[in-house]
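Novice: Take the sequences, apply the hints, and build the full model.
These protein sequence lines map, in sequence, to chains C and U.
All residue numbers for the first sequence refer to the working numbering, where the first residue is 345 and numbers rise by one.
All residue numbers for the second sequence refer to the working numbering, where the first residue is 97 and numbers rise by one.
These are computed hints drawn from the structure, not numbers from a lab.
It is possible that part of the hints are untrue.
No more than 25 angstroms apart at the CA atoms, straight line, and that leaves these computed lysine-lysine pairs for DSS-like [to be verified]:
| no. | chain 1 | residue 1 | chain 2 | residue 2 |
| --- | --- | --- | --- | --- |
| 1 | C | 473 | C | 488 |
| 2 | C | 565 | C | 768 |
| 3 | C | 517 | C | 505 |
| 4 | U | 295 | C | 530 |
| 5 | U | 295 | C | 751 |
| 6 | C | 582 | U | 295 |
| 7 | C | 535 | U | 275 |
| 8 | U | 275 | C | 532 |
As a plain string of letters, each chain reads:
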Amino acid sequence: MRRGITATALVATLAIAATACGGDEESTGGKSSSGELTGTVTWWDTSTVGSEDKVFKKLAEDFEAKHKGVDVKYVNVPFGEAQNKFKNAAQSGSGAPDVIRSEVAWTPEFADLGYLAPLDGTAALKDEKDFVPQAAASTKYNGKTYAVPQVIDSLGIFYNKKLFKDAGVEVPKTIDELKTVSKTIKDKTGKTGMYLRGDDAYWFLSFLYGEGGDLVDAKGKTVTVDSPAGVKAMEVVKDLVDSGAAKTDATDGWENMQAAFKGGDVAMMINGPWAIADTYAGPQFKDKANLGVAPVPAGSAGQGAPQGGHNLGVYAGSKNLDASYAFVEYMSSAESQAKITTELNLLPTRTSVYSQPDVAKNEIVGFFKPVVDKAIERPWIPETGSLFAPLVTEYTKVLTGQTTPEKGVKTTGDSYRKLLKGWK
Amino acid sequence: MAVHTGQSVAKAAGDSDVARGRSRGTGKPPGGLRRSVSTHWYAWAMVAPVVAVIGVIVGYPLVRGIYLSLTDANERNVERNIGVNHLPATYEFVGLDNYADALTGGQFLSTLGWTLVWTVSCVGITFALGLGLANILNRRIAGRSAYRMMLILPWAVPGFVSVFAWRFLYNEDRGFLNKLLAGGGIDAVPWLNDPTWAKFSVIAVNIWLGVPFMLVALLGGLQSIPGEMYEAAEMDGAGPWQRFRHITMPGLRSVSTTVILLSTIWTFNMFPVIFLLTRGGPGEATQILVTQAYKFSFEISPRDFAQSSTWGVLILVLLMIFAVVYQRVLRKQGDTW
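Specialist: Here is the structure:
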């Protein structure tokens, strides 16, 4: 009797502990006997809610229509959280999606950590030769391919044509011109010239490249962010904010930037093709012709814009690899890419799509294609995805006057050297 | 009498050699533990589930955290199971290196400095406001229950909802606060974009969230002070300040010492306000110890589990030191806590 009670108590405790730890089993899938694909494919999309997501969701539904046995679970994960959320889920081994839309810099990192399935020889990599080489560069790691490029992009300057006309100014081509143009706009219209994102280091890259700098030199295994060019770039952005030519925010940068530009409170912003659909939704751009796009203003060393984009990767622990490969293949097919480009003005990653009539006459593509061709590729090393976190802290500190440009880049460089063992 | 003393000595000695030596000769009386199990088996059975649950949900993570803080574990070298792939753990034991790094580097100490400023100012102001409001609401004033309801409201709203609401209010261009100031002809204040204003803003929100708790606790304390004492004091000619100083404050002592201790521990570890309002920014101006520990383990990459647990252990140690010192001081003043 005594033992009975103790044992019951113990069993009860263990049962509580066991149920707390039990994960949810995901349904398995594969091919049925007839060769039809079956099962569930969970897809984490990171596109902008309210504009881009609708088109991607529609495409996912079209895939379901083609493969009756496959159920695609579309989940929109905010871009800013996706990297961490995926790493949490992938590491713990439960809750990770089958397919993830990964920013180009995350792909080598995920691959290095063992989270992505190699795609060589699978259905996902159909017509591999058709991919634009720069877009494909970030998908390769250690001689294998771990993702399929979905879109490619770069940064340009977006401007409000009406405000420019009111102020009687031309699009600035250099940083100095940018300052004069901003001042004229302020004097003539009372609006701020430019919005500069202060809470995301990606927006800093075009200034860094413009001064001839870079984050690291992967070939020479050298950290270059704290070079004189890096200091100069920090000084440039700080001067833009201090002189009133640009306004910035340390929190909610994306929402504030889009709201200010769409509402006509600022005349210019630096942004990429992914912002087009959202920008057109703004009151100032009911007439799409009011939106102008130009190359980012050049720094003292010339013009520079980073090459970005998104890839589709398949989680190595996916229970439904075949359907996932087919889904990735479908989402990055020439047909799907053409749809995405027509509806969202995003740049395709297949050479063949650029010659399709609808795509060829798209103005935004016409503008961004040459920018992307000249865009600066980032180093595709596993640590690329880790380079922004230390930089953005210092970048914000410089902009809010908590540190100097010299100290800011030096601290960033020091943390890079800690991260990249053995680099100079 | 002598026999009796002998027995009690043996009992007090417990498992000592003397007792064992004697018991070998005289047979085997049950040991202390066994006897206690056989007499109090029911109590043990009742306690066992609690002990087991606490062991699983508190003890194991704590021990694991302390262990990780003595290694160089990070995202790249911990054990991972991805589908069919199994990657074994390759991190190593590094002793107290992490603690030495944290305590000699500038980051921990500067974050600690701001965490202390944050805790002291939040708790101090919250307590003062709560005390003032409790005194007002303890009088017979018109609409007293309505005021009480309103003042408790911040507490009833889920924390993250309040913090997000505040974030909208603080928005530099579109926020209500700056619109209000613009109406009065004052320039926009960069509430969350300037390091100093950001510190001010997070403290203000935390005070707003913390006052209801203080208010309710102190109001309860006030109501437990007998009214006759005030009457007697008034008869003796004591002024309002004297009554407050010599009746209210001592009467509230046991309540206020508890709420100050609790609120200090909560504020020191107040993750949601800082994280949701500023994410520790701009730069790292409002980063407190817990949000920084979270950043190490979830936001930077590769995630630094070792450093994060080191900071976690240091936070625990700091709070334990605080609680012990606080208890000692109170005991010296004659309070039993």
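Novice: Now, for every hint given, state plainly whether the structure supports it.
Specialist: Each hint, compared with the structure:
1. For the given pair, residue 473 of chain C sits about 15 angstroms from residue 488 of chain C by alpha-carbon distance, which is consistent with the 25 angstroms threshold.
2. Between residue 565 of chain C and residue 768 of chain C the alpha-carbon distance is near 6 angstroms, which keeps this suggested pair within the 25 angstroms criterion.
3. Distance restraint check for residue 517 of chain C and residue 505 of chain C: the Cα-Cα separation of roughly 15 angstroms lies within the 25 angstroms cut-off, and the hinted pair is therefore satisfied.
4. Restraint check: the Cα-Cα separation between residue 295 of chain U and residue 530 of chain C comes to about 31 angstroms, which exceeds 25 angstroms; the hinted pair is violated.
5. A distance of roughly 22 angstroms separates the Cα atoms of residue 295 of chain U and residue 751 of chain C; the hinted pair therefore holds under the 25 angstroms criterion.
6. The straight-line distance between the Cα atoms of residue 582 of chain C and residue 295 of chain U is roughly 22 angstroms, inside the 25 angstroms bound, and the hint therefore holds.
7. For the hint linking residue 535 of chain C to residue 275 of chain U, the alpha-carbon distance of about 17 angstroms falls within 25 angstroms, and the restraint holds.
8. Annotation: proposed proximity of residue 275 of chain U to residue 532 of chain C holds, straight-line Cα distance about 23 angstroms (limit 25 angstroms).
The structure fails hint 4 only (numbered hints given earlier).
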